[in-house]
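S.K.: Given the coordinates of chain C, assemble chain G onto it according to the supplied hints.
For reference, the chains in residue letters:
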Amino acid sequence: MKNVNLIPTELSVGDSVTKIAKSFKSTSVVLAAIAIFAILVAFGGFFFFSQNLKDITTESENLKRGISDLEKSEQRLIFAKDRLAKIKEIQSEENAIDEVKAFDTMYKLVTSLGNISVSGVKIDSNTIEFSVVSTSLSSMTSFFEGINDQSDLFSKVALSSFGYVPSVGYSANLVFETTK
Amino acid sequence: MKKNISLSGQDLKFLSKPFAILLLTIAFLFVIVSVGYKQITQINDKIKSAKQTKNLLTQNLTILDSVADIQGINDNFLEIAIPEKNASLFFVSLIKLLASEEGLSVANLEASAGSEATGGISRSSISFDVEGSIDGVESFIDKINSSLPVSSISTVDTTLSGDFVRATLAISVFSAALPEKIPAITAPVNDLTQDEKQLLQSLGDYNVPSFSNPAVSVGGGRENPFTQLGL
Numbered sequence: 006m007k008n009v010n011l012i013p014t015e016l017s018v019g020d021s022v023t024k025i026a027k028s029f030k031s032t033s034v035v036l037a038a039i040a041i042f043a044i045l046v047a048f049g050g051f052f053f054f055s056q057n058l059k060d061i062t063t064e065s066e067n068l069k070r071g072i073s074d075l076e077k078s079e080q081r082l083i084f085a086k087d088r089l090a091k092i093k094e095i096q097s098e099e100n101a102i103d104e105v106k107a108f109d110t111m112y113k114l115v116t117s118l119g120n121i122s123v124s125g126v127k128i129d130s131n132t133i134e135f136s137v138v139s140t141s142l143s144s145m146t147s148f149f150e151g152i153n154d155q156s157d158l159f160s161k162v163a164l165s166s167f168g169y170v171p172s173v174g175y176s177a178n179l180v181f182e183t184t185k
Numbered sequence: 042m043k044k045n046i047s048l049s050g051q052d053l054k055f056l057s058k059p060f061a062i063l064l065l066t067i068a069f070l071f072v073i074v075s076v077g078y079k080q081i082t083q084i085n086d087k088i089k090s091a092k093q094t095k096n097l098l099t100q101n102l103t104i105l106d107s108v109a110d111i112q113g114i115n116d117n118f119l120e121i122a123i124p125e126k127n128a129s130l131f132f133v134s135l136i137k138l139l140a141s142e143e144g145l146s147v148a149n150l151e152a153s154a155g156s157e158a159t160g161g162i163s164r165s166s167i168s169f170d171v172e173g174s175i176d177g178v179e180s181f182i183d184k185i186n187s188s189l190p191v192s193s194i195s196t197v198d199t200t201l202s203g204d205f206v207r208a209t210l211a212i213s214v215f216s217a218a219l220p221e222k223i224p225a226i227t228a229p230v231n232d233l234t235q236d237e238k239q240l241l242q243s244l245g246d247y248n249v250p251s252f253s254n255p256a257v258s259v260g261g262g263r264e265n266p267f268t269q270l271g272l
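Line order of the protein sequences matches chains C and G.
Residue 177 in the numbering used here is what sits at position 172 of the first sequence, and the numbering runs on without skipping anything.
Residue 231 in the numbering used here is what sits at position 190 of the second sequence, and the numbering runs on without skipping anything.
None of these hints come from the bench; they were simulated from the model.
Every residue, glycine too, gets a C-beta built ideally from N, C-alpha and C.
Where hints are given, some of them may not hold.
What the hints assert, rightly or not - Computed list of lysine to any residue pairs in SDA-like fashion (alpha-carbon distance at most 25 Å, straight line):
(1) C:K127 - G:I223
(2) C:K106 - G:S166
(3) G:K137 - G:E120
Claimed, not checked - Not close to chain C: a few residues of chain G, all C-beta gaps over 10 Å, as computed:
(4) F60
(5) A122
(6) K126
(7) N127
(8) K137
(9) L150
(10) E151
(11) S168
(12) G177
(13) D183
(14) T227
(15) D246
Bound conformation, chain C alone:
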């Protein structure tokens, strides 16, 4: 069949313009198809991720319920941590118990010697002030030698006084600085 163009010649357009119009139309169709595909992908993705989020949220809610059921354990744990931290802080403070133990060692040394006795002791968290009396100078010397064997207990020993009273004997006052 023969094509009959009834459009008046002043209204007709050229072939190239028709080609451009056709390419616009076909591009629009392709883009529209891509847009529809994008809508489907977006909806599909949104649905998939929403479901994923819902599942995770449900699991989290279950875990929260589980944690709420263990509230007593949580209280106990927090209480224990609080008390243990405070005990640690107290234990790091100065305490004279090590000095008392060091005194015990020195006292045993004195009692093992004979003719020498401890007359007084002052203990704090860093030092032991130790007073001894003896009727014999050799016992006093043995005591000083004995101190040397216990050098791991002390960082420094100072002889603060040494005297002799005929009615009592020799007296010595020593200050031990303990090792921490």
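M.R.: Showing chain G alone in chain C's frame:
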């Protein structure tokens, strides 16, 4: 060679409709892509955050599930180790109890009111004289140090005469208010460290004093004195 394209008014009119459709389609596609991308990104961020929360909650639940298995955590010595309120009176009773066990006499007991809390810990000082044998005093000090509540020996001033000792001791005892808040359910729960577990176990070796409660006398109440008056 350049080709000049000249469009007449009729050509432009003819092209305007498909061009407008093309522009609208491009705009539509742009809106779809940008809105879709934004929505997917947002939901992805929410999933990331939800996963982090879930992992944290799982970790918290695992820790809390294992709390009961920690040796010593449910024993009551933690409450006694550092009491909530001033422990001076309790400690004075402990001193008397331990001194009597060692056959020592205690005198001049003085207890100060608790000092203001530093780092949440209040300190009270107790001073007293104790008399007896040197072994008794040493054992007494050792027992004080290994008993709860936790204490710290500040000074020991001793006078010896043969085996007889008179010692003046100054001891600090501690108290601390209970923790007031539990962290939010989504906050991380910290398990006990190895050091803390060791310290907790070592507390089990401390002596926890037991004081006997005086029995309440039953019966023997006074007779009704008003019966004689006929009331």
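S.K.: Now tell me if each hint is right for this structure.
M.R.: Right, here's what the structure says about each hint:
1. C:K127 - G:I223: Violated, at about 46 Å.
2. C:K106 - G:S166: Holds - the C-alpha atoms of S166 (chain G) and K106 (chain C) are around 22 Å apart, at most 25 Å.
3. G:K137 - G:E120: holds, 21 Å
4. F60: At about 6 Å from chain C, F60 (chain G) fails to clear the 10 Å cut-off, so the statement is violated.
5. A122: violated, 6 Å
6. K126: Correct as stated: the minimum Cβ-Cβ distance to chain C is 14 Å, above 10 Å.
7. N127: holds, 15 Å
8. K137: Per Cβ check, K137 (chain G) is outside 10 Å of chain C; nearest 20 Å; holds.
9. L150: holds, 19 Å
10. E151: About 18 Å separates E151 (chain G) from the closest Cβ of chain C, which puts it past 10 Å; holds.
11. S168: holds, 13 Å
12. G177: holds, 13 Å
13. D183: violated, 8 Å
14. T227: T227 (chain G) not clear of chain C: closest Cβ-Cβ about 8 Å, inside 10 Å.
15. D246: Per Cβ check, D246 (chain G) is outside 10 Å of chain C; nearest 13 Å; holds.
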